[in-house]
Amino acid sequence: MSGMRRLLMGLRAVVQKGRAERELKEEIDSHLAMQAEENERRGMSREAARRQALRQFGGVEQVKEAYRERRGLPVLETTLQDLRYAIRMLVKQPGFTLIAVLTLSIGIGANTAIFSIVNAVLLRPFPYQAPERLVIIQERERGGGFSPSYPNFVDWRAQNTAFTSIAAVRQNESFNFTGAGEPERVQGQLVSAEFFSTLGIKPLVGRDFLAEEDRQGATPAVILSYGLWQRKFGGDENVIGKQLTLNQQSFTVVGITPPDFQYGIEADVTVPFGLQAQRFSRRGADPGTAVVARLKPNVSQEQAEADLNLVAERLEQQFPESNKGRRVLLTPLHESFVGDVRQPLLILLGAVGLVLVIACANVANLLLVRAAARRKEMAVRVALGAARWRIIRQLLTESLLLAVMGAGLGILLAFWGTSLIASQLPDGIPRLQQARVDASVLVFTLAVSLLTGLLFGLAPALQASRPNLTEGLKEGERGSSGRRQRLRSVLVVGEVALTLIRFQQL
Amino acid sequence: MNQTKKDTLPGTFELLGPLHGFGIARRIEQISGDLLHLNQGTIYPALLNLEQLGWISAKWGVSDNNRRAKFYAITRAGRKRLAAETENWRRTHAIMVRFLEPRGEEL
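Protein chains in written order, with numbering that gives the first Met the number 0: chain A, 0 to 505; chain B, 0 to 106.
It should be emphasised that the hints constitute simulated quantities derived from the structure, not laboratory data. Beta carbons are placed, not taken as given, at the ideal position from N, Cα and C, and that holds for glycine. Only true hints are included.
Stretch by stretch, here's where chain A covers chain B in the computed footprint (C-beta under 8 Å, at least three residues):
| id | stretch |
| --- | --- |
| 1 | 45-54 |
| 2 | 66-80 |
Stretch-level coverage of chain A by chain B, calculated; a stretch enters the list once three of its residues show a Cβ under 8 Å from a Cβ in chain B:
| id | stretch |
| --- | --- |
| 3 | 1-7 |
| 4 | 24-38 |
| 5 | 49-59 |
Work out the full structure: start from the sequences and follow the hints.
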């Protein structure tokens, strides 16, 4: 309890330093005046009364120091002191500061941009219910996996025991859309009736497909995307039940998907797969069709694969011409979507990481050169009794300040750079458009900048605060001692090596 | 007890109500029969300590001579603490008396 009060009083004293000092002075002056008055009343002259009052008080400065010591928060005060000094030092040498900050901003900015892409594509979980229970099912023959055919899927759906639900989806189908405003060509997908429920997605408005709607000859139904709904129908909920025409066929709108829904390629319209069952009647490989399923709660992927393979064996007996040697291959959804891009993206991240390390080496070099120029300042501080650790702390504060400024500028660069880099990447990277600098990316940037600050700041700080500083006090010292020069050489050699490695990778 | 005599100032407040630093210092000198001559200034860090512990509260006000001064008053927590310390002190005193003035049968 008293700890809290002490903390608050201490904070107030730090933040309102001027006021706290004025109050202390006023209180003591008031005391001295009152004692002097009493002394005068006892018959002393004004001068003598005043002097006697001071004697009775004791040492005013000592009292003030004891008071300040008791009131203050040493850790906070020294940190603020370090910060003020660091800012002064950096402002005194604007050229150095500018170069260092720019160098760091490029390194940190590049890392932030790439990380925001990595975050969106690789790290963020897919926005479905329990996405770790979802698997992609392919047909397998002699080791290779390929797109399944619709008739095989129908039999899987009927005969499996390992999945709570299984669905087929075929993307990249385009439709001529008429019946509402301007006719246009829209992107569409064919899905079996269980598709949205397998993913755990509920329609925003209206309903999902019914099983009866998912077969040849059923009354055509369509589910619209949120974007299309806003664009063509102004978000009007009365669109449910309306008719529109796709490829000269009349469809009834039954539902709208939620705004942030995305699976693979974005689709404006979703229609039941079964309506075109005749088009997909062959059991051969069917590029473009995918099957996604949700594992039952206590069933592992291996068990499900074994179970479905039994079904595949049965189909092999039934349809020997098409299904001979066909088995199934299960892949977790996440793996299936990002498996291909994981390695290249991580290599890219590693490459910009090296860029940052090179930037740190550069800045460390600059700091070392600067430290040489500040030898006299350091020597004086040590001579005045500064602890080595205190000097190191102050120098690290300068480094961290540079790192934070570099990070600030770097984040600004990353806002612009993320979309630039994303546009340069090859097509087909899932969720790439969702890459942006958000909270988790900023946390990453903060961590990176702190590490960066320590990385380039530690060696120069240790170097500059070394105990043997008497030479620094002598006049006319230029050039570097052996150890300092060696450190700089190591940095340069290391930097060249890293640059060569990077070029090799690209 | 890890507190100096100066830290047990609350006793003074009991008698006088809120008082400024100068008044407290003079009062201590008077009550001790002028045998206790502390450097008056040392009272201020002690008062700050008591304020941080929450046993006294401080407020700026005006003295009888129309001077601005910081007035200190005991708090409820301070009163409780004073009672506890007083009791402690009395007990210690009683024990010391027994050792310093032993009765016949104990020898």
